[in-house]
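Peer 1: Single-letter residue listing:
Number of protein chains: 2
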Amino acid sequence: MGRLTAFTEMMAAEVLKATPTNNEAALREAKRGILDYLASALAGREDAGTIKLLQAIEAEGGHPVAPLIGQNKRANRRQAALLNGFMGHALDYDDVHSDVRGHPSSVILPALFALSSGREISGKCFLDAYIIGVEVMARLGQEVGTASYLKGWHNTSLLGGVAATFAGARLLGFTARETQNAVGIAVSQAGGLRVQFGTQMKPLHAGLAAQQAVQSIEWTQQDFHGIDAALDSGIGFLHVYGGKATDEAVQTALTENWGKTWRIAEPGLWFKRNPFCSAASHGADAALELAGLRLTVSEIEKIDIVFPPNGDAALIHTRPKTGEQGRFSIEYVVALALLGQPFTLGNFGTAAVSLEAEKLMEKMSRSYDAEHKPDAQAIPKGRFTIVRLTLADGSVHSREVCVPKGSPQAPLTDAELESKWCESAPVQHKADRIIQAIRGLENGNMSELEGFL
Amino acid sequence: MGRLTAFTEMMAAEVLKATPTNNEAALREAKRGILDYLASALAGREDAGTIKLLQAIEAEGGHPVAPLIGQNKRANRRQAALLNGFMGHALDYDDVHSDVRGHPSSVILPALFALSSGREISGKCFLDAYIIGVEVMARLGQEVGTASYLKGWHNTSLLGGVAATFAGARLLGFTARETQNAVGIAVSQAGGLRVQFGTQMKPLHAGLAAQQAVQSIEWTQQDFHGIDAALDSGIGFLHVYGGKATDEAVQTALTENWGKTWRIAEPGLWFKRNPFCSAASHGADAALELAGLRLTVSEIEKIDIVFPPNGDAALIHTRPKTGEQGRFSIEYVVALALLGQPFTLGNFGTAAVSLEAEKLMEKMSRSYDAEHKPDAQAIPKGRFTIVRLTLADGSVHSREVCVPKGSPQAPLTDAELESKWCESAPVQHKADRIIQAIRGLENGNMSELEGFL
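As given, the protein sequences belong to chains A and B, one line each in that order.
Each residue of the first sequence is one higher than the one before, counting from 1197 in the working numbering.
Each residue of the second sequence is one higher than the one before, counting from 1197 in the working numbering.
Be aware that a few hints might be false.
The list cannot tell twin chains apart, which means a pair is met if one copy fits it or any two copies do.
30 Å max Cα-Cα, derived DSSO-like pairs, lysine-lysine [as the list claims (entries may be wrong)]:
{"hint": "1", "residue 1": "Lys1269", "residue 2": "Lys1248"}
{"hint": "2", "residue 1": "Lys1213", "residue 2": "Lys1248"}
{"hint": "3", "residue 1": "Lys1440", "residue 2": "Lys1569"}
Simulated from the structure, these hints should not be mistaken for lab results.
Based on the provided sequences and hints, a complete structural model is requested.
Peer 2: Structure below.
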């Protein structure tokens, strides 16, 4: 069976004793993360998938305990986690994290909001739990993330539910034993495949993972029991979904240097300016620079888009039919940029791709360069995208981007984040009040913030 | 990305056009399967896990649409599938299937019961859907099952939710497109790890898979969309969880000879006489024969238990602390048999293992014989268990079993099944009426049967 190291126990011990809000950078990024998540969820509140899922929830019924963001309605905790998770990720507008290779906040925050409702939870405790959830998800990502992602899982759900369960246990002050039990319940609900990218199931993965955390916490509160060492053995979570790392490597990834820095701030969350997959951000910025050349479609002979090997794994659509599929297509994003069309929500919806964009995409091909050395600051590490135009007159124009705008190395300012919020919020005065509430959250309590959702 | 064959579409086409109740053997076994599932669920109705889960469901709230078996209560469809699935598998008393390497009926039937409630569903349609669900699960098991099981998944949940979704689509008369969509939603909820064996999560895997099917069907009814080719590509369900079979092998396993025979009857469901893992059944029968020697603990020097390689993969406890863990321990089962203690529910509960059994288990060891050729009838194929006692006086007594009682090669009679039912049922006259209703189910409708649950 292999491994016998008590990873679950070690993680639970770290999670329960940490108070990362003492770290100024972590506290600051956590508040930005909440703001950005709420902006993303509000932007998704009228998405077609949101409406369908809400109908399904209403058909089920349930005690109205926890708020559905931007809907002016409540549902039970499980349902709220499901829908709020979906909305956060609906437009692929929410944060990503390079260690996770996925989306932390749209899983962790909906679970924590759902578990906080109707309870006396301080803003400080909530922020601690959130920072810890991101920390766990990033550490799991380092150990499991690349292997699981390349095999076909969507790390947002696969790792997010386990991380959000740890966070929920910290939020509610679980004992070590209860925490390990909840994680045991969580691993058996983990899953979610990348093959869904470009369908409504991709954002639902965030909701399912948040639901998984709520179920794991609630069933533990009923004393329902799972394995208390779910991460440990040769048939445990890390081994089944992860790679073949040694016990020592796993232990380092999961528990070394807890609390020295926090991954929510280092390398940090990456907030999106645009509603498409972050793996397309480098190419988008490169194409925006090239758009300055103001070329017509007929002037362009061909377009080469160059990645490091596997750097485009998330971009599963090369010839998308709809804007929704286009969220996972470097070709579509580059086409929009070169055509001077904005990266608005409308251009990434269910409508068919324009004929003009289709024509331009026909000229594109992808290639991979394992030798090319990108900027040392590249995010994720080693990532770059080169967009190279060959024109009908034989001239070549090329741009490379390693650090896209919005990434931790080129972060959105607070003002930019707040303006993303205001664009997404249905009512301006409410937006201002939530921004105020989040600014002082470490001194407030969650019922105040919840009142504005 | 590999595979491009349209497995999902091909499976959906077969599922939607089949009417397996025309096959006498399949019809007969389906009715026996329903009886056995209901007996197993009723036997689990007061299990500690059942009570906790019911409390969690009641705390959530929901429209009371579908019956909770033996509880005289209703819940929403999702919750009913969850609890009824758990109850069916709670005591490991429910059927298994050798192609699945897991438990089909405790996933498929709770999903179908939940989806039938309050709708006009004929008994014939229900039986067709059930037989088809078992068929799909067995075919997935043949393609994915051994690889996924050995890697660490519990096939009951991993394959069951997908199979139950196909069955639910057949039950409700979905179109091919709707069926493929529902399966797309299902694959992203698939999971469940064997590391849980011996905890309450193991039976909950059946419930989670049934819940997964209900969610997949209900969200499809709301027109929520997932990938319509979830089984097909190199990052699809079959490839991520399964082995490295060729497209041709997969196609054969999934679609060849549909409807010539039905796997519910050939090789057939295996109904349990005893509430422990079927992988311990061979050793249990061997030990029962040896118990005729009436040996005392001190007369026994050592006990060797011999399996084919991996034949004991499900039996993860060698020194169980409780009867519950003992459900997955050949040592505990052999100890009970040799000590003359019956295989009652009480001996497989949460109580600690007796000192006497502990003492006897200390003398046991497992070994593996890859060369030994078992009986051609062995079930699963190639399986055997040899229990070999070496006594203090140097004599050796050995028994081998390849075909345990209850398996399709040595099936329980209808009378034995009905008596399992009557032992589990809370009220005798109700038992008689349900047995009658199931006998004529192909001519009745589901609301009649539901009235007795």
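Peer 1: Compare the structure with each hint and give your call.
Peer 2: Here is what the structure says about each hint:
Within a single copy, Lys1269 and Lys1248 get their C-alpha atoms as close as 15 Å, and across copies as close as 28 Å, so both meet the 30 Å cut-off. In the homo-oligomer, the alpha carbons of Lys1213 and Lys1248 lie at most 30 Å apart only across protomers (29 Å), although the nearest pairing inside one protomer, at 41 Å, exceeds that limit. Taking the shortest Cα distances, Lys1440 and Lys1569 sit within 30 Å of each other inside one copy (27 Å), while across copies they are farther apart (34 Å).
In summary, this structure violates none of the numbered hints.
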